[in-house]
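Asker: If you want the building blocks of each chain, they are given just below.
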Amino acid sequence: MRIKQISVFLENRQGRLYDVCSLLGSNDINIRALTIAETESFGVLRIVVDKSDAAIQLLRDNQFVANFTDVIAIEVPDQPGGLASILKVLAENDVNIEYMYGFVEKFSDKALLVMRFEDTDFAQQMLAKQNVHVVAEKDIQGL
Amino acid sequence: MIWKQDVECASPADLKVLQSERLKNLVAYVYGNCPVYKRKLDAAGATPDKIKSIDDIVRLPITTKEDMRDNYPYGLFSCPQNRINEIHISSGTTGNPTLVGYTRDDLRLWGDVMARVLGCAGAEPGDTIQIAYGYGLFTGGLGFHYGALEMGLRIIPTSSGQTSRQLKLMQDFKPRIIACTPSYVLYMAEEAKELGIDTRKGNWKIGIFGAEPWSESMRQEIESIWNMLATDVYGLSEIIGPGVAQECTYKDGLHIFSDVFYPEIINPKTGRPAAEGEDGELTITTLTKQGIPLIRYGTRDVVSMRTDTCRCGRTSPRISKIKGRTDDMIVVRGINVFPSQIEHVLVGIEGTQPYYQIVVDRQAHQLDEVEVLVEVEQRFFSDEIKHLNELRDKIRKEIADVLSIGVKVTLVEPKTIKRSEGKAQRIVDKRKL
Chain A
2 MRIKQISVFL
12 ENRQGRLYDV
22 CSLLGSNDIN
32 IRALTIAETE
42 SFGVLRIVVD
52 KSDAAIQLLR
62 DNQFVANFTD
72 VIAIEVPDQP
82 GGLASILKVL
92 AENDVNIEYM
102 YGFVEKFSDK
112 ALLVMRFEDT
122 DFAQQMLAKQ
132 NVHVVAEKDI
142 QGL
Chain B
271 MIWKQDVECA
281 SPADLKVLQS
291 ERLKNLVAYV
301 YGNCPVYKRK
311 LDAAGATPDK
321 IKSIDDIVRL
331 PITTKEDMRD
341 NYPYGLFSCP
351 QNRINEIHIS
361 SGTTGNPTLV
371 GYTRDDLRLW
381 GDVMARVLGC
391 AGAEPGDTIQ
401 IAYGYGLFTG
411 GLGFHYGALE
421 MGLRIIPTSS
431 GQTSRQLKLM
441 QDFKPRIIAC
451 TPSYVLYMAE
461 EAKELGIDTR
471 KGNWKIGIFG
481 AEPWSESMRQ
491 EIESIWNMLA
501 TDVYGLSEII
511 GPGVAQECTY
521 KDGLHIFSDV
531 FYPEIINPKT
541 GRPAAEGEDG
551 ELTITTLTKQ
561 GIPLIRYGTR
571 DVVSMRTDTC
581 RCGRTSPRIS
591 KIKGRTDDMI
601 VVRGINVFPS
611 QIEHVLVGIE
621 GTQPYYQIVV
631 DRQAHQLDEV
641 EVLVEVEQRF
651 FSDEIKHLNE
661 LRDKIRKEIA
671 DVLSIGVKVT
681 LVEPKTIKRS
691 EGKAQRIVDK
701 RKL
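Here the protein sequences line up with chains A and B, keeping their order.
Those letters in the first sequence? Residues 2 to 144, by this note's numbering.
Those letters in the second sequence? Residues 271 to 703, by this note's numbering.
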């Protein structure tokens with residue numbers, strides 16, 4: 002089960018992250034997970050929100066360059082070695098992770114992680130085999 | 271269609287007679303009516319009695335943009351303001367703006383040359399044209415309007431902007447002709463995609479694009495995206511606005527209407543006429559204008575010119591696409607750089623659309639540094655930094671290959687490069703030379 006991440010191009014300028022967050026906030030869109038990858042002159046903001054279609058339209062209408070990216074959100078046991086156990090499965094099957102980051106909230110006693118894979122389909126199969134719980138889009142909306 | 275067959279296809283000998291007669295009248299007219307020109311002509315020893323034919327034009331002094339600005343507002347006019355029917359003003363980046371004024375006859379001339387432009391691009395009376403150049407002080411919108419009126423087209427005067435409405439009007443009224451800046455028609459393609467409109471099935475079949483430099487590769491991009499013929503129109507407000515030259519459907523140079531706008535190509539280094547086919551500054555004499563006629567006006571546009579007869583039958587000389595600007599040209603570490611070279615690289619790279627800006631700077635005791643700002647577009651944006659960096663590096667490498675100098679490439683957010691009247695400001699030179 003894939004979920005939609007929104008990636009936004011941001012110049013390294015004061016207040017740009019605030020601009021995005023306040024735009025989403027004032028339109029009643031909630032950010033569930035967030036990370037920023039930065040270079041010296043620009044960054045890419047990656048977010049998972051509760052209303053992704055409305056959010057991307059809003060961002061584009063406000064002159065932001067924003068795309069959807071398919072990612073997978075998984076539940077990870079919130080205990081020592083929890084993440085390692087999942088990474089082991091992926092490593093043993095040669096699944097490459099492009100990047101990953103955590104959710105703000107969780108809906109069980111497990112931690113929620115967003116993962117972006119080189120080959121999303123294959124990663125999903127491997128995770129399913131190992132009974133790793135993949136979170137659906139509607140679960141995110143209900144958080 | 272050929273709108274004015276008698277002059278557009280005149281024999282060179284007949285044309286020369288006409289031009290000679292007109293030049294003599296022009297020199298006498300400005301000498302008698304414009305004190306600034308009288309002084310200039312006296313100083314050059316080029317009084318009306320010395321001008322016998324068009325060949326004597328080389329005796330006349332050059333008029334520059336500085337002359338226009340120094341004599342702002344009315345100094346270069348040859349007729350009183352109460353005979354002026356319309357004025358246009360372009361904003362000045364340095365000092366005074368440039369003011370031009372048209373008498374009733376000048377407006378008729380404008381309508382006539384713009385009708386020739388439309389005919390040259392393939393328009394026929396009865397066609398519908400969407401005019402998406404700005405209406406107002408900018409000459410683009412009204413120039414096309416007058417030409418379309420003259421030819422008897424159905425006009426949709428949308429002016430520029432409000433892109434989704436432009437597209438709706440295209441679908442509702444099916445204009446065969448679109449007139450706007452080349453970057454705007456590409457911008458509209460982006461919007462069309464977002465709206466789910468198939469641009470290949472668009473109604474526009476003929477595009478007349480100008481007001482900013484554009485390259486051959488940009489033409490190919492426009493033609494393939496919109497499935498249309500994309501032609502180049504040339505003009506400048508000092509001469510008339512759009513309506514100085516236009517490509518015919520063979521797209522083999524722009525026909526310059528030399529019976530009214532006499533062209534010379536001047537080598538900027540020597541100040542002498544360039545040989546046929548050689549690059550130089552396009553210099554134009556308005557042979558029949560009344561309000562603010564100009565003698566040998568230096569356009570700062572670098573072109574070459576040829577005089578052989580075109581396959582379309584027109585005998586008028588043809589100028590090349592603008593190869594650069596004598597003033598936009600910057601010298602960086604001893605190398606001449608034209609923005610068009612960088613534009614060419616950007617269009618050639620998959621996905622990039624040329625909204626860009628070149629910033630040249632020099633720190634004390636350092637070499638010049640060139641930074642090229644490129645606006646990121648939806649279609650080549652990636653969530654992965656490495657892909658964006660690869661794109662940036664590819665642009666940097668290709669520019670370096672073309673210019674033989676290293677540049678810094680910076681990806682910036684859309685709409686962050688300043689535009690004025692739909693034109694992007696291509697070069698910012700921060701050096702204190």
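Please note that the accuracy of each hint is not assured.
For lysine to aspartate or glutamate, the following EDC-like pairs were computed, each having C-alpha atoms within a straight-line distance of at most 16 Å [claimed, not checked]:
hint: 1; chain 1: B; residue 1: K656; chain 2: A; residue 2: E119
hint: 2; chain 1: B; residue 1: K444; chain 2: B; residue 2: E464
hint: 3; chain 1: B; residue 1: K685; chain 2: B; residue 2: E654
hint: 4; chain 1: A; residue 1: K5; chain 2: B; residue 2: E654
hint: 5; chain 1: B; residue 1: K656; chain 2: A; residue 2: E41
hint: 6; chain 1: B; residue 1: K656; chain 2: A; residue 2: D62
hint: 7; chain 1: B; residue 1: K685; chain 2: A; residue 2: E12
hint: 8; chain 1: B; residue 1: K521; chain 2: B; residue 2: E548
hint: 9; chain 1: B; residue 1: K438; chain 2: B; residue 2: E464
hint: 10; chain 1: B; residue 1: K591; chain 2: B; residue 2: D522
hint: 11; chain 1: B; residue 1: K656; chain 2: A; residue 2: E99
hint: 12; chain 1: B; residue 1: K308; chain 2: B; residue 2: D337
hint: 13; chain 1: B; residue 1: K286; chain 2: B; residue 2: E534
hint: 14; chain 1: B; residue 1: K678; chain 2: A; residue 2: D140
hint: 15; chain 1: B; residue 1: K685; chain 2: A; residue 2: E99
hint: 16; chain 1: B; residue 1: K463; chain 2: A; residue 2: E12
Hints in this document: simulated from the structure, not taken from any laboratory.
Asker: Against this structure, judge whether each hint is valid.
Answerer: Taking the hints in turn, this is what the structure says about them:
1. K656(B) to E119(A): 13 Å, holds
2. K444(B) to E464(B): 20 Å, violated
3. K685(B) to E654(B): 22 Å, violated
4. K5(A) to E654(B): Holds, because 15 Å separates the two Cα atoms, which is no more than 16 Å.
5. K656(B) to E41(A): 13 Å, holds
6. K656(B) to D62(A): 26 Å, violated
7. K685(B) to E12(A): 12 Å, holds
8. K521(B) to E548(B): Status violated; Cα separation ~19 Å.
9. K438(B) to E464(B): At roughly 13 Å apart (the allowed maximum being 16 Å), E464(B) and K438(B) satisfy the hint.
10. K591(B) to D522(B): Status holds; Cα separation ~9 Å.
11. K656(B) to E99(A): Measuring from Cα to Cα gives roughly 10 Å; hence the hint holds.
12. K308(B) to D337(B): OK: K308(B) and D337(B) at ~14 Å, within 16 Å.
13. K286(B) to E534(B): Holds, at roughly 14 Å.
14. K678(B) to D140(A): 45 Å, violated
15. K685(B) to E99(A): 30 Å, violated
16. K463(B) to E12(A): With Cα atoms ~25 Å apart, K463(B) and E12(A) exceed 16 Å; violated.
The structure shown violates the earlier hints numbered 2, 3, 6, 8, 14, 15 and 16.
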